[in-house]
Amino acid sequence: MSSKRLTFPASEDAIRELRAGDEVLVDGHIIGIRDRTQIRIFDQGVEPPLDLNGAFLLHTAPNVRKVAEGKYEKMCIGTTTSARMVRFTEPLGREYGVRAICGKGGLPDEAIEPMQRLGMVYFAIVGGAAALETTQIEEIEEVYWEELMPECLWKFRVKDFGPLWVGIDSHGNSMYRDVQTEATKRLEGILAGL
Amino acid sequence: MSTITATDIEAAVEDAAAHLYVWALKDIPQDLRDALADAATRETSVPGQRVLQTILKNVQVADNEKNLVCQDTGIAVYTCRVGEHFPLHPARIYAALKTGTERATVEHPLRSNAVHTITRENTGPNTGYRLPIVHWEFIPDWDGLDVKCVPKGSGSENMSFLKMCVPADGVKGIKQFVLESIVGAGGKPCPPGIVGVGIGGSADYAMYLAKEAIARPIGTRNADPHVAALEEELFGLLNETGIGPMGLGGDVTVLQCHIEHADTHMTLNPVAVNYQCWAARRASAHVNANGDVEYDREF
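Read top to bottom, the protein sequences are chains A and B.
Those letters in the first sequence? Residues 1 to 194, by the numbering used here.
Those letters in the second sequence? Residues 1 to 299, by the numbering used here.
One should not assume that every hint holds.
[Claimed, not checked] Under the rule of at most 30 Å between Cα atoms (straight-line distance), these lysine-lysine pairs were calculated in the BS3-like manner: (1) K66(B) with K74(A); (2) K4(A) with K66(A); (3) K26(B) with K159(A); (4) K163(B) with K66(A); (5) K26(B) with K155(A); (6) K66(B) with K155(A); (7) K66(A) with K172(B); (8) K71(A) with K148(B); (9) K74(A) with K148(B); (10) K159(A) with K66(B); (11) K159(A) with K57(B); (12) K163(B) with K185(A); (13) K4(A) with K57(B); (14) K74(A) with K4(A); (15) K155(A) with K71(A); (16) K57(B) with K155(A); (17) K185(A) with K148(B); (18) K26(B) with K71(A); (19) K66(A) with K66(B); (20) K74(A) with K163(B); (21) K26(B) with K74(A).
Keep in mind the hints are simulated off the structure, nothing from the lab.
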């Protein structure tokens, strides 16, 4: 099990070096995004107001305090369940060059092929560990689409963000698929013994 | 001697609700802390161990920084046990709980999660039409009020399942449905948490019982020995599935399995599953007839 460090935005080459199961810490800039943000981009056809090339997207809707016009102070920032947003994976990579999606609970198997084809990864974070995650976010640098509060587009500057695990890599591997395969096999045995 | 008015009592209940909501979000109960620490000693997978260490560190950071344990401030769910002689009508208790929830949201401030279910527009202060959700129980020959606040996160609430098993499915059908539900949920509900199961009653009541089950302290068992034995058995079997902490694989898939039951129709065998994430937040208060509030009173 290797432990790696990566700065975002990141290149395809850097992403291709990661393997499912790797533990990773992230620095640089990450973008907070959620259900309504992606519904606006893809279902309502509104172009995102910032460059997502090489981006790390975090599935989040933070607790914040407004300190000035367009300026927010972090209060508690954590990560939501990713599976709800799986259908946006392919277009995020193909149309906008997104390199990493980070959330909790994993993405279903339909994300494996586009991540392999487009050079993307899924990072697993510890869901619910928001108090810790908040300490790793240095600043909320930008916020777009404030009318969707709290499901806006957020730009965070982070340091030592993690631990994260490569849940799905860009080589067709998924920790979630492996765990489900094993659990399904074990379940058959358990049910046979009832 | 000053006279306690209904207005004074309503203000006390409102203050209690505001305090309980924030307190539940910041300070998870001791039984849960113990269960998480115990899980960390049992887990043998590397990512599973790292996840549990990170969870324990997070609980510590929340204590030190007086921050929320999890960013999901949930949907505010209260359970009230109202004594027959408690000097405030439940209609006013509900109003106080609603105002208390709103105050906590605005004053802290907390993220508001409440939206209109069709338009998805945010309603603002974590309240709205039929929000907060309050469950009621009425107690004869008593003049007190117990309030429990369970802010319920969506990651775990989305992993709720109902099956109308038939009598011929028996207890085996119940076990199978619970096991399949938790394997299917995988890492989505933030395992390892508390699996709440409601059996019997009707479709809606089974789900209500499952929600009651997740709010029980870890270490408690159902008083009915048949049901307690089923809790023990499912707890063991669920941890044999290998889903592990955050669904990354491992030995600890659930911290506990709690079951609540009701007698049912001869042709019914309903099973409801309601998951509670590892951040199983709950806080309680007792309000007496004078409006004095005592916190951390389990019921």
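| Are the Cα positions of K155(A) and K71(A) separated by 30 Å at most? | holds (11 Å)
| Does the alpha-carbon distance linking K163(B) and K185(A) stay inside the 30 Å limit? | With a Cα-Cα distance of about 23 Å, the restraint between K163(B) and K185(A) holds, given a limit of 30 Å.
| Pairwise hint evaluation, K71(A) against K26(B), where the allowed Cα distance is 30 Å at most | Distance ~25 Å between K26(B) and K71(A) Cα, so the pair holds.
| query | Is K66(B) within 30 Å of K74(A), Cα to Cα? | reply | Measuring from Cα to Cα gives roughly 14 Å; hence the hint holds.
| field | Satisfaction of hint between K4(A) and K74(A), Cα-Cα up to 30 Å | value | holds (27 Å)
| said: Check whether the Cα positions of K159(A) and K66(B) lie no farther apart than 30 Å. | reply: Judged against 30 Å, a Cα distance of about 21 Å means the pair holds.
| request: Please work out if K4(A) and K57(B) have their alpha carbons no farther apart than 30 Å. | output: Roughly 21 Å separates the two Cα atoms, so the pair holds.
| query | Given the hinted pair K66(A) and K172(B), is their alpha-carbon gap at most 30 Å? | reply | violated (53 Å)
| query | Does K57(B) lie within 30 Å of K159(A) when you go C-alpha to C-alpha? | reply | Measuring from Cα to Cα gives roughly 17 Å; hence the hint holds.
| query | Does the alpha-carbon distance linking K57(B) and K155(A) stay inside the 30 Å limit? | reply | Distance of about 25 Å is within 30 Å: holds.
| Has the given pair, K185(A) with K148(B), been kept, meaning a C-alpha gap of at most 30 Å? | Outside the cut-off at roughly 40 Å; violated.
| Is the straight-line distance between the alpha-carbon of K66(B) and that of K155(A) 30 Å or less? | holds (25 Å)
The structure fails to meet hints 2, 4, 7, 8, 17 and 20 from the earlier list, while all remaining hints are met.
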